[in-house]
Amino acid sequence: MSTSHWTPVCTQSEIPALGARRVRRPDGVDIALFRTASDRIYALLDRCPHKGGPLSQGIVFGESVACPLHNWTIRLDDGRAQAPDEGCTPAFAVKVEGEQVYLRSDQLHASITEMHAAHCDGAACANAD
Amino acid sequence: MNKPKLVLVGNGMAGVRALEELLKLAPELYDITVFGSEPHPNYNRILLSPVLAGEQTIEQIILNPLDWYADNGITLHTGKTVVEIDRIKRVVRTDDGLEAPYDRLLLGTGSLPFILPVPGKELDGVIAYRDIKDTETMIETAKTHKHAVVIGGGLLGLEAANGLMLRGMDVTVVHIMPWLMERQLDDVAGKLLQKSLEDRGLKFLIGAQTQALLGNESGRVRAVRFKDGSEIPADLVVMTAGIRPNTALAEKAGIHCNRGIVVSDTLQTITDPRIYAVGECAAHRGIAYGLVAPLFEQAKVAANHLAQMGIGRYTGSQISTKLKVTGIDLFSAGSFMGGEGCEDIVLSDPFSGVYKRLVIQGDKLVGACLYGDTVDGSWYFKLLREGRKVHDIRDKLMFGEGALGDAGHQGQSKAMLMADTDEVCGCNGVCKGTIVKAIKDRGLFTLEEVRKHTKASASCGSCTGLVEQILMFTAGGDFSAAPKKKALCGCTDSTHQEVRDAIKNEHLLTIADVYAKLGWRTPNGCSSCRPAVNYYLISTWPHEAKDDPQSRFINERSHANIQKNGTYSVIPRMWGGETSAAELRRIADAVDKYNIPMVKVTGGQRIDLLGVKKEDLQAVWTDIGMPSGHAYAKALRTVKTCVGSEWCRFGTQDSTALGKLLERATWRMYAPHKVKFAVSGCPRNCAESGIKDVGIIGVDSGWEMYVGGNGGIKTEVAQFLVKLKTQEEVLEYTGAFIQLYREEGWYLERTVHYIARVGLDVVKQRILADAEGRKALWERLQFALQGEPDPWFEFDKAQVDTRQFIPIVPVAAAQGEPA
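Taken in sequence, the protein lines are chains Z and E.
Under the working numbering, the first residue of the first sequence carries the number 194, and numbering increases by one thereafter.
Under the working numbering, the first residue of the second sequence carries the number 12, and numbering increases by one thereafter.
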């Protein structure tokens, strides 16, 4: 991790409020960057745990996003599906300084399988009720 | 810090449900103590009948095991009866002297069986049918004794009788009224029910009046004597002659009771706002409900107030009844007995055991009584609740909603006959066994819960009747009790109509205004209400209310139709389905240039380019250079036409020309749901005008106009509206009809459902009888469409955020600061 950096990706205003932008990753699935009505920024893997729908295309409300394919509701902070649906999509670290939004360079370059190992293993999600 | 104390008296379904709802809303708010007279944790009282019948065990009907109380930090006292509420000191006391202080008190004391005041009622072997103990007594007695008499042939009595018979007893049901279940069934259905129960081996004494219960020397009941002097042997007498709300505790504490503990719309007792009552003990607007769904609604509202949110209101429930004796299908709702000023429609087929009676009063369905075939029960119940006029569907009423073109579940109407592997919900591929398992494992009670957990009936809803039947037989109880009004979504209590009215009457122009005015529970709604409210705003106040793209589904934000792999489809507009070599060439070139994997001809006479990457959408639109087909939107999709009199040797009218005219006049028009038109040039109807929202059919003397057709989930044939002479008239009438739907339809309601809700007569009145009104509607549509942009080309005007098409590509990672 010592080689990891915060990489600037965009400014806050480049993400529509109650909307999202996609961030391309060289080796993996896109990251979806969300902005809530109160200007909180969240980052999730752009893939719904249900059938892989692109969450960046969903409707953002409160602290959640509704997947555009089958309307699963996914929490923006930890990527969990709202019960009774079960599943979890990896969440990424985000830093906002002033207007600037950063993601971590190692996470930008990680592949999807590593992300899954790091963020969605075992107890945290599999047993989520 | 000391938390406020909440005490629940009565460890039953309603009270514990209120606690569950409260824990969801405010898990840490209270110290909770629960008192229950029975030695058991909360169990599903409705399922005592299957336990008695040997179909389930006590363990299986426990709803909240002891662990649940412990896990939620709830102090549980079972086997303790609260005998006093001290409202001054705010403590409750039990029969063995235990005291518990409260800040809020929730009464869920339920009801008590009514015991006939006859001599011998205290003999051994005389019981009611109310709890686990009664059930166990019956099961034990059935092992050693022969003769059982059930007094009271209502719902509960028949279930008890059926269970005892299955346990091997010789059972006689004594019923003082002229037929069984007289509060739920009319005489014909009651007698059909009696016949089929007799076929199973039950005996009945109808009209018999119990005079005394006779005991033997050891004090056990041995016989029942009737007023006429006759006697029948009885080793067990079960009294099921009704229940009374259990209000003794409340009355003793000076809380006002009148056939139940009188509560307000917030479930607070009207005497003491610190004290709440829910369930069978509570009388709300004069009614004490005995069915599970209303109790759960009450629990939700009480919890909302206990959680200090203070926004829920309970306004009463309308209820219907089903009997849970396996193999007997029975449904009733409303004033099924009819009477003065009522008309009956009756279908009676004694041979196949089917009887249906629909009661109509003042052109509205006011009651229904179904025996043997109940699959349409929920539809009748809906008509009854909504109070919609029925004369336009009167001839079809008896045959049910599924009489035409229902698809997706193999034409099944009896859930009980289906195998576990049979598919119930064809949309989501849910089999009967999956639904049964979910209901059992997760303790589901309502249709909504089944929809959430299994997705069954959650899409098109055509299998709702079947799912309700399965719920009925699996979980017992009554599930078709429904709120009198249906909220738009979980964020609000307002209905679609109330939202529409508020926007119009209060001149609301933004979603935030609507949410503030109507007291939305969530800061910015959800994916259900935001698109609806956005549509209501822009359709009510065109050119005034501003469209909010972030409140639209992705398809209407990216102006293409999202596919399962996240790519999009592009369908350019071809007016009336006519295209040209130049257009086809441009399409072909774009397909090559952007490697579009599939090209398909649609049912609406358009060409569909599937698998377009989002990044390519703008370029594909530009290269093709054709208008947006809106095939992704709740908007006018297509006008399908046949070639008409220009070419066809049978054609009587130029349908293609009229189709093009119609399409140019109404495209870019957003609506509550997708809208499809068709124009056929002769009654051979090659453009399938009979299954379109507006279908025009050319005849030699002009045009026939049909409305409300639908070729989707349920094939619905369009209804004839009017015969017209000229193209101009067709434009005006079609425009006026569709504007009426745009202004008054509910979001996601197709024209067929809109017409079903308001009645074709309303449409005829507004479009045919009221010429001024028709012209005004047509003008309002033209006004709304004035300057409406093409979202494929006029991005700014259409508020298309083009940033969505371009992904962010971060610059080399190394440039940032260390994490």
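Errors might be hidden in some of the hints.
[As the list claims (entries may be wrong)] Computed list of chain Z residues with no C-beta within reach of chain E, every gap over 10 Å:
(1) R268
(2) E292
(3) S304
[Unchecked claim] Think about it this way: if two alpha-carbon atoms lie no more than 16 Å apart in a straight line, the pair counts; the simulated EDC-like pairs of lysine to aspartate or glutamate are:
(4) E:K466 - Z:E279
(5) E:K463 - Z:D223
(6) E:K624 - Z:D223
Everything labelled a hint here was simulated from the structure, so no lab data went into it.
Ideal Cβ positions, reconstructed from N, Cα and C, are used throughout, including at glycine.
Against the structure, the hints come out as follows:
1. R268: holds, 13 Å
2. E292: Fine: 15 Å to the nearest Cβ keeps Z:E292 off the interface.
3. S304: At about 15 Å from chain E, Z:S304 clears the 10 Å cut-off, so the statement holds.
4. E:K466 - Z:E279: Answer holds: E:K466 to Z:E279 is near 13 Å, not above 16 Å.
5. E:K463 - Z:D223: This hinted pair is violated, its Cα atoms lying about 29 Å apart.
6. E:K624 - Z:D223: holds, 14 Å
When the structure is compared with the earlier hints, a violation turns up for hint 5 alone.
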